[in-house]
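If you're matching them up, the sequences are chains A and B in order.
The numbering used here puts the first residue of the first sequence at 849, with every later residue one more than the last.
The numbering used here puts the first residue of the second sequence at 82, with every later residue one more than the last.
The reader is advised that the hints may include incorrect statements.
[Said to hold, decoys possible] Where chain A lies over chain B, by a calculated footprint (3+ residues, C-beta under 8 Å):
1. 218-231
2. 265-279
3. 291-304
4. 337-349
Source of the hints: derived by calculation from the structure; they are not laboratory data.
Even glycine gets a Cβ: it sits at the ideal position worked out from N, Cα and C.
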Amino acid sequence: MRRWRVCAALSLTAAALIFSGCKPAGNNATGDIKVGEFASLTGKEAAFGQSSHHGTELAVAEINARGGVLGRKLDLLTEDDQSKEGESKTIAEKLISRDGVVALLGEVASSRSLEAAPVCQQRQIPQISPSSTNPKVTQIGDYIFRVCFVDPFQGKMLAKFAIDTLKAKRMAVLTDVATAYSVGLAKYFDETFTNLGGEIVVEQKYSGGDRDFKAQLTTIKAANADALFIPGYYTDVGLIARQARELGLTYPMFGGDGWEAPELITIGGEAVEGCYYSTHYSPEVKDPLVQKFVADFKAKYGSIPDAMAALGYDSAMILADAIKRAGTTDGPKLRDALAATKGFPGVAGKITIDSDRNAQKPMVILEVTNGGFHLLQQINPE
Amino acid sequence: MTGFQKFLQQLINGLSLGSIYALIALGYTMVYGILRFINFAHSDVFMAGAFAGYCFARIVPHHSIFGGLAVMLLAMVFCAALGVFIERFAYRPLRGTSNLAILITAIGVSLLLENVTLLIFNATPKTFPTLIPDKSISAGGVSLTTNELVVFGVTAVLLVALQWIVLKTRMGAAMRAVSFNYQAASLVGINNDRVISFTFALGSALAAAGGILWSSLYPSIDPYMGVLPGLKAFVAAVLGGIGNIPGAALGGLLLGMIEAFVNGSRYSTYTDAIAFATLILILLFRPAGLLGKFQIEKV
Chain A
849 MRRWRVCAAL SLTAAALIFS GCKPAGNNAT GDIKVGEFAS LTGKEAAFGQ SSHHGTELAV
909 AEINARGGVL GRKLDLLTED DQSKEGESKT IAEKLISRDG VVALLGEVAS SRSLEAAPVC
969 QQRQIPQISP SSTNPKVTQI GDYIFRVCFV DPFQGKMLAK FAIDTLKAKR MAVLTDVATA
1029 YSVGLAKYFD ETFTNLGGEI VVEQKYSGGD RDFKAQLTTI KAANADALFI PGYYTDVGLI
1089 ARQARELGLT YPMFGGDGWE APELITIGGE AVEGCYYSTH YSPEVKDPLV QKFVADFKAK
1149 YGSIPDAMAA LGYDSAMILA DAIKRAGTTD GPKLRDALAA TKGFPGVAGK ITIDSDRNAQ
1209 KPMVILEVTN GGFHLLQQIN PE
Chain B
82 MTGFQKFLQQ LINGLSLGSI YALIALGYTM VYGILRFINF AHSDVFMAGA FAGYCFARIV
142 PHHSIFGGLA VMLLAMVFCA ALGVFIERFA YRPLRGTSNL AILITAIGVS LLLENVTLLI
202 FNATPKTFPT LIPDKSISAG GVSLTTNELV VFGVTAVLLV ALQWIVLKTR MGAAMRAVSF
262 NYQAASLVGI NNDRVISFTF ALGSALAAAG GILWSSLYPS IDPYMGVLPG LKAFVAAVLG
322 GIGNIPGAAL GGLLLGMIEA FVNGSRYSTY TDAIAFATLI LILLFRPAGL LGKFQIEKV
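So here's chain B without its partners, still in its complex pose (with noise of 0.2 Å):
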């Protein structure tokens, strides 16, 4: 293996790691952009994903492209169900009410959805099955598996179904409208709450996609699976600057690759601490991430 394709491939495993990050920061920075504040319970809807794969693959057929792709479908709208019933009835009477009080439930609804799956499906790792043939395609000494090319495609589609969603729709430009300008958005007759519980059943289904994936990727599941990969999802939407949809997956992607690097190399005790160190940094120059906008606050 020459220096090249260990190059190659510490690529493409970075961009693996990287795409599932990025779809969790997704979630992270549209709920952001529209209503400031940091849904910390995101990381628990990622795991709740991947349970509700875990039981969708009993029933569904899987084993094809198509089972699979069935199975996170289904696991999808479970979680777009859940993210609009955990903003229903969470986040909606506190709205209007400090910033604080929501960020706390958020801790607390994340700590809820744990402990409920720690309870049904208790705190032994599951076994995720093979929803997706695993082959290992291997060429000029660079290997890559059937799961990594899914996680691709699967992100990439996302991610352009996405844009297509904000930038084109009727119900984006809403997003929008409200991102920009909460109140004026309403005294223009959009539906303010509607709007919202859209953006969470979006980012919830998308993180939903990303606990599938990973848990393809990585086939052993626990109540606490999301944590990390949560707060890693988190550090990449700031990164990318927070609530900034192209910057959530730019960070992602590069938080990936850092991490896919540096364990690579004698230094991977230092992983956490080296992308950790690499966002203090990115934000000390460009304190509103790397495409974000800066705003003055207005008070």
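Next comes chain A alone, as it looks inside the complex (with noise of 0.2 Å):
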């Protein structure tokens, strides 16, 4: 009995050995280049998700075609975590040691991108956020980067534009507490909001997911507020959107970019008629690149791109970008071709990535009218 245990335990750990020897495979200077990619393709952000997804796969179609980097393809290598807490570091991981990825790709949530930074971090494979605005998924390391704007420059953005587009002197903020993404948005608002002169008369929260906004949007109702700003996701947002109407609750709405999805309007119908939303792009800026990305991607998936498939696209692109300037896959050295990326064209505007690898680049105003999303105003960073 003990010699049969002691045979089992030899021939493991010689499969082990064999296994782990496979491993590195991928990032050989032959076959293709693996990239990772995570994202909520179901659940309740699978609108971000299955956006930033067509983006990053449009991008790899398009490298591969052009004959690829260093002369290899990309190989793309997508795994969903479902929207759900908890799945994306297990995704990493398992991208990372299982698949040996080069890169990983993802997320949109910050609370999900900051899930699978340590993990990267630790490895030294360079994570590229498509879309996480929160300041906090950068801070985990040097070796995670994003291809977004800040919360902080987003909040202090629409703070100006409540200001001087809306005229709104009194503001009502409805946060969502579940999400760092809603609070962090919330707290950079308030802040400029009340530097330059206005006040916030009432600030409500809620929990992502939640169904029933009313209570808190009768608190909101009663402090009569000029506008309401609302930093949180489509799914909530349509909904409080509806009930805050029914409520009869006048004034302009606006968000951030969690408001970016169709489901907006298909959950929230005409009560967001007439609301606002910043974001990283528009399909109506007249700019050759962006013109192309969008015939391209109708050809494609038949639809508009939105801003997580601009971003999902450029994500890519600068990964591409960054493996060519370096010469290899190597982790250390992908890394600093990342963090030297200057002025690189992205269909999200010009990308910059500055000291903290934070991307520096335009923000867009889009106004919600006639069951669309269209341009209003461009706002460029200091």
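With the hints as a guide, dock the two chains, each given alone in a separate frame, to form the complex.
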């Protein structure tokens, strides 16, 4: 019996050795370059995940059609985290240790990017988040990058927009306390808005996934504000907007890039008409690069790409550009090349990676009119 | 908006939320009253009701009071059948064994329902169709939507109907008899299996009604939508005195009200904590719940 056990243990160890020997295969100088992607392909933020994934997929297809990078094709390995907490970390582990990816693209939601980031940092595999805007994400370590602007910038610009364009003096804020994104954005907005002479007259809270917001909205209505700022995600925002209008709240509502999804309109219906949100890109920007991207995306997926698609596209393009400049897929060298990205022409604006590994780039404000999103103004970084 | 208007508005908000909790709580309480076990799959029958409504709304012309009610009736029939089916194949084979086995089976059925729905409809939230034209009526600074009116109306009608079934019909008498003494009931010629099936059908139909009303108020549905309302309704049932039908209704309304007032205050982050703390407090002073009668368990 004991001998049998020793045999089993030995053969297991042998098997483990053999398989672990296979691991670096993805990093060899020949064969396809494996790139990992994790996205919320299903679940409550599925609209974001799908868009972002389509953008990334399109970019990889384009890169490969041009002959790939360093003479090798990119092989995109995509995993679905189901919009659930706790999945991203496991996926990052799996993609890095089992599949041997050279870099990881993802996620949209800051909370989930934050889950995967420590894994990437520890394994020295660069992670590029296409659209997580919470500052904490890239603070995890020097291997974590993003190709979008951060919430302090977005919050500041939104506060300016509220004062300059909406002429709002008394502001109501409704924050989702369950997401790092919403809490952060609300904080930066509040700071700038008060500094510019505005007043936050009421601040209410909810937890993402709640269905009933009428109690909070009743309190907000009683406070007589000029506008309502909702830094949440589209599913909640759609329901909030409906209930706000039902309660007779007539003033403008606006929010950040978490609003960006067609579902905002299917859920919110007429209630979201005349609302505003800030985002990274608009397909209405008259740049030939943007127009080519819109045409290609439409040809492949049959829809106009949104901001998440544009950022998903940019994240893969920036990675390819960095691999080319680094001349290798080796983690530390790739990291240095990514950090040196300057004035890269992305479809969501010119991207420069700053010393905090965040992108410096323009922001746009869109208005919901006639059941669609339309460009209102473009704001450049200072 | 004056303080009083705000109070009235919160009262309406709380009542509409509480009405739905009450409908779900009734299902928990009826099954407990008869079988002495918590049917944890009940919250997923609520979810199944919403999805059934989502599907039926595609075939039945809705957008009117009658169309909406037709969709609700169909969903109720569907869920009644589902409830009977679950009882027949998951719980009945285990009856007479330990209560723990049935409890764990209930959790299993709950996960099964969630994941089958996930398989069919995937995890992306669906927009629930507008069954009844949604209009907002505003009077004296307080607004009320047609959906909320329907919620109040349907809940009131269903509660009265349930009270009538339990107190005035032969089946109701049989239900009370089985609840009072399971063995003695079968000795006097009551078909216990039929009574239990009926109870499940009734409870599940109420859950379906709750599911449809909930989705009309908050038109975004997903396979996990039942978890939280189900838990709240369970708390409501315990709050009112589990096994007691008016108690479940009272508990539901009370819980809805507590939620509305806490959510509207500065302490909205603590809504669930406060709701559950209330439960603990009430149970400390009235261990059998608000309307429940305290009984010594005979071993």
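Each hint, compared with the structure:
1. 218-231: The restraint on the segment 218-231 of chain B holds, since 3 of its residues have a Cβ under 8 Å from chain A and three suffice.
2. 265-279: Violated, because only 0 residues of the segment 265-279 of chain B bring their Cβ atoms closer than 8 Å to Cβ atoms of chain A.
3. 291-304: Held - the segment 291-304 of chain B has 6 residues with a Cβ nearer than 8 Å to chain A, which meets the minimum of three.
4. 337-349: Holds, because 8 residues of the segment 337-349 of chain B bring their Cβ atoms closer than 8 Å to Cβ atoms of chain A.
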